[in-house]
Amino acid sequence: MLLLLTACSLPSSLVRRPENKVTPVGFNNIAPDTVNTGKVEWKAFFTDPYLSQLIDTALQHNQEYNITLQEINIAKNEIRARTGEYQPFLGLGAGGGVEKVGRYTRSGSVEESNEIQPGKRFPSPLPDYMIGLNASWELDIWKKLHNAKKSAMLRYLSSVEGRNFMVTNLIGEIADIIL
1446 MLLLLTACSL PSSLVRRPEN KVTPVGFNNI APDTVNTGKV EWKAFFTDPY LSQLIDTALQ
1506 HNQEYNITLQ EINIAKNEIR ARTGEYQPFL GLGAGGGVEK VGRYTRSGSV EESNEIQPGK
1566 RFPSPLPDYM IGLNASWELD IWKKLHNAKK SAMLRYLSSV EGRNFMVTNL IGEIADIIL
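Residue numbers 1446 to 1624, in my numbering, belong to the letters of the sequence shown in order.
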């Protein structure tokens, strides 16, 4: 009986205390970090005009960098294509053709013995014209299309980050050699 009474209370370390939601006074007035060079553009970091021109030329003529830029464009277009897959489609269609049935078949004998109007026979090749409107929409029950869009978006983001990494390394190698 004594065990049951002691088991009904929680230890003080597990008792939840109210959260401190008070924002420090100087939080919004903090000056930005000026020591970090990660946010500075490379053209502002390197002020030598010859070095800037050399880096620009290297970026323009670097084949791997240009391939990466094309991969970024491909990834952008793939995002658009994947986004359009789960939206409704509306189409307009038109068609035409003729039907010529054999004379000694069931359909041919029916056409020979019947008339469209009194005194007017079936046309020999029967024309067939069609104009239509169609709509389709694939329901994305298992999130297949949304996941394809998300993977295309992540592929795009990774190619952008790869480009940034490549530019940083190329600029660092050139600056290291020159300086």
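Hints were generated in silico from the structure; no laboratory data involved. Note that CB positions come from ideal geometry on N, CA and C, so glycine has one too. Please note: incorrect hints may appear among the correct ones.
To be verified - Think about it this way: if two alpha-carbon atoms lie no more than 25 Å apart in a straight line, the pair counts; the simulated BS3-like pairs of lysine-lysine are:
#1 Lys1565 to Lys1545
#2 Lys1595 to Lys1521
#3 Lys1588 to Lys1521
Said to hold, decoys possible - Restraint ranges, calculated between C-beta atoms of paired labels, are given here:
#4 Thr1502 to Asn1473: 10 to 20 Å
#5 His1506 to Leu1599: 42 to 52 Å
#6 Pro1533 to Asn1511: 35 to 45 Å
#7 Leu1624 to Phe1534: 54 to 64 Å
#8 Pro1533 to Tyr1574: 23 to 33 Å
#9 Ser1569 to Ala1539: 54 to 64 Å
#10 Gly1617 to Tyr1531: 22 to 32 Å
Taking the hints in turn, this is what the structure says about them:
At roughly 17 Å between alpha-carbon atoms, Lys1565 and Lys1545 fall within 25 Å of each other, so this suggested pair holds. Straight-line distance between C-alpha atoms of Lys1595 and Lys1521 comes to about 12 Å, which keeps the hinted pair within the 25 Å bound. Our distance criterion of 25 Å between C-alpha atoms is met by Lys1588 and Lys1521, whose separation comes to about 21 Å. For Thr1502 and Asn1473, the hinted distance range of 10 to 20 Å is not satisfied, since their beta carbons lie about 44 Å from each other.
Taking the beta carbon of each, His1506 and Leu1599 are about 30 Å apart, not inside 42 to 52 Å as hinted. A C-beta distance of roughly 38 Å is found between Pro1533 and Asn1511, which places it inside the suggested range of 35 to 45 Å. The given range of 54 to 64 Å is respected by Leu1624 and Phe1534, whose C-beta atoms sit roughly 57 Å from each other. As the Cβ distance of Pro1533 to Tyr1574 is approximately 27 Å, the hint placing it in 23 to 33 Å holds.
Checking the proposed 54 to 64 Å range against Ser1569 and Ala1539 shows it is violated: the Cβ atoms sit about 24 Å from each other. At about 42 Å, the CB distance of Gly1617 to Tyr1531 disagrees with the hint of 22 to 32 Å.
Checked against the numbered hints above, the structure violates hints 4, 5, 9, 10; every other hint is satisfied.
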